[in-house]
Amino acid sequence: EAGVAQSPRYKIIEKRQSVAFWCNPISGHATLYWYQQILGQGPKLLIQFQNNGVVDDSQLPKDRFSAERLKGVDSTLKIQPAKLEDSAVYLCASTWDGYEQYFGPGTRLTVT
Amino acid sequence: GIQVEQSPPDLILQEGANSTLRCNFSDSVNNLQWFHQNPWGQLINLFYIPSGTKQNGRLSATTVATERYSLLYISSSQTTDSGVYFCAKGTGGYQKVTFGIGTKLQVIP
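Those sequence lines, one after another, are chains A and B.
Quick note: the first sequence uses our numbering, first residue 1, plus one each step.
Quick note: the second sequence uses our numbering, first residue 1, plus one each step.
Derived from the structure by calculation, the hints contain no laboratory data.
Treat each hint with caution, since some may be false.
To be verified - Now the stretches of chain A that chain B is said to cover, found in silico as 3 or more residues with beta-carbon under 8 angstroms: (1) 44 to 55; (2) 96 to 105.
Unchecked claim - Straight-line Cα separation of at most 35 angstroms, DSBU-like style, residue types lysine-lysine; simulated pairs: (3) K71/A <-> K83/A; (4) K44/A <-> K104/B; (5) K78/A <-> K54/B; (6) K11/A <-> K83/A; (7) K71/A <-> K96/B; (8) K54/B <-> K11/A; (9) K104/B <-> K15/A; (10) K62/A <-> K83/A; (11) K104/B <-> K71/A; (12) K54/B <-> K15/A; (13) K15/A <-> K44/A; (14) K54/B <-> K62/A; (15) K54/B <-> K104/B; (16) K11/A <-> K96/B; (17) K83/A <-> K44/A; (18) K62/A <-> K96/B; (19) K11/A <-> K78/A; (20) K54/B <-> K96/B; (21) K44/A <-> K96/B; (22) K44/A <-> K11/A; (23) K11/A <-> K104/B; (24) K54/B <-> K83/A; (25) K104/B <-> K78/A.
Fair warning: this is a prediction, and the values are worked out from it, not measured in the lab.
Think of the CB as a built atom: it goes at the ideal place given N, C-alpha and C, for glycine as much as any other residue.
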């Protein structure tokens with residue numbers, strides 16, 4: 001069974017630029033999560049999808065971050081415009097039953 | 001307040017030693033997982049354990065939901081066990097998940 005796929009693995013941008021991350025969950029997993037992990041901290045949930053609907057986006061900075069999961073499968077997370085404090089690893093996870101989560105390798109973003 | 005508390009924050013072990021990592025959570029859970037984040041940043045599932053005890057090789061975990069804690073045991077530690085161990089709890093029908101800050105483990109030869 002293929003795992004959660006994410007791309008790109010690394011991205012370096014300048015502040016005020018925009019960036020997009022892509023995630024393809026494990027086949028059949030209805031629930032998809034995006035997390036932000038700042039160095040030295042635990043992952044923080046940004047947004048949770050159930051199929052193509054948003055379940056929780058209470059910690060998503062909506063003035064600059066957006067996410068979509070149009071067909072209930074893969075998802076994109078966008079930052080526009082990026083700030084220095086957005087430098088982090090962005091992790092995607094999925095689960096078929098809403099319980100046990102499986103994580104992708106992450107995208108390491110550096111904003112200069 | 002802090003919803004998931006992990007201890008100790010840092011741990012250095014000699015290879016072959018045993019250790020216990022603790023996770024306290026502030027409210028009831030119906031989902032608790034332990035993860036190992038390796039030096040390359042990948043989060044690896046160790047246990048899904050909302051209650052009871054599970055074992056997988058040198059690792060085992062116990063969750064006592066009524067007392068709001070979970071323990072991860074590592075026996076005969078190896079250098080490959082190094083990394084950060086996270087516990088994460090989920091609550092609610094859609095399982096809103098909260099992670100602890102992790103325990104950073106270094107196993108030295």
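Hint-by-hint comparison with the structure:
| no. | hint | verdict |
| --- | --- | --- |
| 1 | 44 to 55 | holds (count 5) |
| 2 | 96 to 105 | holds (count 7) |
| 3 | K71/A <-> K83/A | holds (29 angstroms) |
| 4 | K44/A <-> K104/B | holds (18 angstroms) |
| 5 | K78/A <-> K54/B | violated (39 angstroms) |
| 6 | K11/A <-> K83/A | holds (14 angstroms) |
| 7 | K71/A <-> K96/B | holds (22 angstroms) |
| 8 | K54/B <-> K11/A | violated (39 angstroms) |
| 9 | K104/B <-> K15/A | holds (31 angstroms) |
| 10 | K62/A <-> K83/A | holds (14 angstroms) |
| 11 | K104/B <-> K71/A | violated (38 angstroms) |
| 12 | K54/B <-> K15/A | violated (46 angstroms) |
| 13 | K15/A <-> K44/A | holds (22 angstroms) |
| 14 | K54/B <-> K62/A | violated (40 angstroms) |
| 15 | K54/B <-> K104/B | holds (22 angstroms) |
| 16 | K11/A <-> K96/B | holds (28 angstroms) |
| 17 | K83/A <-> K44/A | holds (17 angstroms) |
| 18 | K62/A <-> K96/B | holds (19 angstroms) |
| 19 | K11/A <-> K78/A | holds (13 angstroms) |
| 20 | K54/B <-> K96/B | holds (23 angstroms) |
| 21 | K44/A <-> K96/B | holds (11 angstroms) |
| 22 | K44/A <-> K11/A | holds (20 angstroms) |
| 23 | K11/A <-> K104/B | holds (26 angstroms) |
| 24 | K54/B <-> K83/A | violated (43 angstroms) |
| 25 | K104/B <-> K78/A | holds (30 angstroms) |
Consistency with the previously given hints fails for numbers 5, 8, 11, 12, 14, 24, ordered from lowest to highest.
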